[in-house]
Amino acid sequence: MQVVVGSGKGGTGKTLLSTALAQCWGDRVQYLDCDVEEPNGHIFLRPELSSRKECTVTVPEIVRDKCSLCGKCRDICQFNSIAIFGETIMTFGDMCHSCNGCFLVCEEEAILETTRLIGEVETGHSGDVEFVHGRLRVGEAMSVPLIKAVKQHAGGDGLTIVDAPPGTSCPFVESVTDGDYILLVTESTPFGLHDLQLAVEVVRSVDKPFGVVINRAGLGDVSVKKWCENEGIPVVLQIPFERSIAEGYAQGMSLLESKPSLRSRLRELLEEISR
Amino acid sequence: MKEIVVISGKGGTGKTSIVGSLAAIINNKVVADCDVDAANLHLLLQPAIQEKEDFVSGVKAVVENDRCSGCSTCSDLCQFEAVTMDDVARISNTSCEGCGVCAHFCPEQAIVLDDNHCGSVYHSDTAYGRFIHAQLFAGEENSGKLVSHVRKQARQTAEQESADYVLIDGAPGIGCPVIASVSNATALMVVTEPTRSGLHDLGRVLDLAAHFKVPAYVCLNRWDLHQPTSVLIEQECSRRSVSIIGRIPFDEAVVDSQLAGVPLVDFSNGPAAAAVRLLWREFEKKIEQAQ
Chain E
365 MQVVVGSGKG
375 GTGKTLLSTA
385 LAQCWGDRVQ
395 YLDCDVEEPN
405 GHIFLRPELS
415 SRKECTVTVP
425 EIVRDKCSLC
435 GKCRDICQFN
445 SIAIFGETIM
455 TFGDMCHSCN
465 GCFLVCEEEA
475 ILETTRLIGE
485 VETGHSGDVE
495 FVHGRLRVGE
505 AMSVPLIKAV
515 KQHAGGDGLT
525 IVDAPPGTSC
535 PFVESVTDGD
545 YILLVTESTP
555 FGLHDLQLAV
565 EVVRSVDKPF
575 GVVINRAGLG
585 DVSVKKWCEN
595 EGIPVVLQIP
605 FERSIAEGYA
615 QGMSLLESKP
625 SLRSRLRELL
635 EEISR
Chain Y
235 MKEIVVISGK
245 GGTGKTSIVG
255 SLAAIINNKV
265 VADCDVDAAN
275 LHLLLQPAIQ
285 EKEDFVSGVK
295 AVVENDRCSG
305 CSTCSDLCQF
315 EAVTMDDVAR
325 ISNTSCEGCG
335 VCAHFCPEQA
345 IVLDDNHCGS
355 VYHSDTAYGR
365 FIHAQLFAGE
375 ENSGKLVSHV
385 RKQARQTAEQ
395 ESADYVLIDG
405 APGIGCPVIA
415 SVSNATALMV
425 VTEPTRSGLH
435 DLGRVLDLAA
445 HFKVPAYVCL
455 NRWDLHQPTS
465 VLIEQECSRR
475 SVSIIGRIPF
485 DEAVVDSQLA
495 GVPLVDFSNG
505 PAAAAVRLLW
515 REFEKKIEQA
525 Q
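Line by line, the protein sequences give chains E and Y. Just so you know, the first sequence maps onto residues 365 to 639 in our numbering. Just so you know, the second sequence maps onto residues 235 to 525 in our numbering.
These aren't lab readings, by the way, just hints derived from the structure by calculation. Any given hint could be a false lead.
Unchecked claim - Mimicking DSSO-like on lysine-lysine, the simulated pairs with C-alpha atoms at most 30 Å apart in a straight line are:
{"no.": "1", "chain 1": "Y", "residue 1": "Lys520", "chain 2": "Y", "residue 2": "Lys286"}
{"no.": "2", "chain 1": "E", "residue 1": "Lys512", "chain 2": "Y", "residue 2": "Lys379"}
{"no.": "3", "chain 1": "E", "residue 1": "Lys436", "chain 2": "Y", "residue 2": "Lys379"}
{"no.": "4", "chain 1": "E", "residue 1": "Lys512", "chain 2": "E", "residue 2": "Lys417"}
{"no.": "5", "chain 1": "Y", "residue 1": "Lys447", "chain 2": "E", "residue 2": "Lys417"}
{"no.": "6", "chain 1": "E", "residue 1": "Lys572", "chain 2": "Y", "residue 2": "Lys379"}
{"no.": "7", "chain 1": "E", "residue 1": "Lys417", "chain 2": "E", "residue 2": "Lys515"}
{"no.": "8", "chain 1": "Y", "residue 1": "Lys386", "chain 2": "Y", "residue 2": "Lys519"}
{"no.": "9", "chain 1": "Y", "residue 1": "Lys447", "chain 2": "Y", "residue 2": "Lys379"}
{"no.": "10", "chain 1": "E", "residue 1": "Lys515", "chain 2": "Y", "residue 2": "Lys379"}
To be verified - Residues from chain E that keep clear of chain Y, each with C-beta distances beyond 12 Å, as calculated:
{"no.": "11", "residue": "Pro411"}
{"no.": "12", "residue": "Leu413"}
{"no.": "13", "residue": "Lys417"}
{"no.": "14", "residue": "Arg428"}
{"no.": "15", "residue": "Phe456"}
{"no.": "16", "residue": "Leu468"}
{"no.": "17", "residue": "Val485"}
{"no.": "18", "residue": "Gly488"}
{"no.": "19", "residue": "Lys512"}
{"no.": "20", "residue": "Arg580"}
{"no.": "21", "residue": "Lys589"}
{"no.": "22", "residue": "Gly596"}
Glycine residues also receive a C-beta, built at the ideal position from the N, C-alpha and C atoms.
Work the whole structure out from these sequences, hints included.
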């Protein structure tokens, strides 16, 4: 079973919750950090890393001697990655989405497949938890292929926890598409509620079962709870606003270390979800 | 005209709350919200929308069912796993990246490419001046292009009004929308917090600033919540020769001002509001020195 932890708004506690969910389950559990722009799961799980693999995408390189400057590759490219100026043809690998269109239309076999490095995938273990994360190369704009590479490690008959990136656009969608259940973490503030509403819209559009977790409960107002009630969305967990949790988080302590009494509640939650 | 972008790497460090206050402090500026995935600044600035613009970027493939023979050429060629085959091809709107390969190679010409209307852009008036904001539709791509568009609109507005500043609220992370918001900016204000995650993400976002050669200054928010980690952040900044230009203490007035829908400095005269005023003075000095 795959449980995805997402949020819409950043900094609401996705990583705090998802690392604790992985830790409380015990055996046959994976933690996949899909927040590849700013992966933080390793801070709390402190895994022993055992492998590192570069993640690349395919981009075109023109063999000038074979190219007839017919312009078919430029015309099919929707991303302006190929330009022709007079007798010069140029490619812009940073803009390429690796759709293969240029390779397919070229009749002169004048386009070679080369690669662009977008980041790396590291794997390891933290106790019984199998750990995988992706780290986007600084300066790289495209995170979705790296998120896919992290998700390729999902599998087995146990539990997979996916720590999703913030936001509601393509990286978030890619992270939730294979989920069996989505947990949306928020805080009960106007910003938290607003971004929760956007995240709910995405999760509904991909038709996944989901529930809401209110973090720092006690801070803010009751607007998130009220809204969830009106929408018929279950609030499946509340994590209290406590200085000890915040201080533990600051130092990189996992939620189970700073608030051990939550362990049984988190296990219960996972059992409820898997039913 | 100077373009200032507030970013953070890690989400939830207080970017938008700080930008809301800066909007109230800085005279003669245009404000833009470039966190187009999850825009929140309008909740503080209470804009009166003057003009709404549809944002159309790229295309999406659409199958004309009566022409589709179900041959699966499209699903064989699609690199984005966007096509599933029934009697006819079905294309997932969220997975389609609009590359057009399916439409080009469809033997029945049963696939058309429709313009992708993926968001809205708003030109608004607020009590603090002109405000350009946007909303990317849920689950869409092209956030980088929408950010570039919002920035361009904000710059044009600033030029028309002879504004001194464009103040931009950026997105979390270091990917597509952030890159689109920082390139060629005058200076970045990087908001961080004293947590291990904040420290880790600060490093990556400062690497990004260096990569794009944009000067960056750090604001340490809620600095008193965990002083040992604040010291680590000070050390990291000093190792990188990056200045910390503000230290904002934890103050419940920040959440209260958000609940009231008002920028902090217009809501409270407490310690956080005072620190934000100081922050701006220091930042202004830094960018004047750098010019």
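Which of the listed hints are broken here? 1, 16, 19, 20
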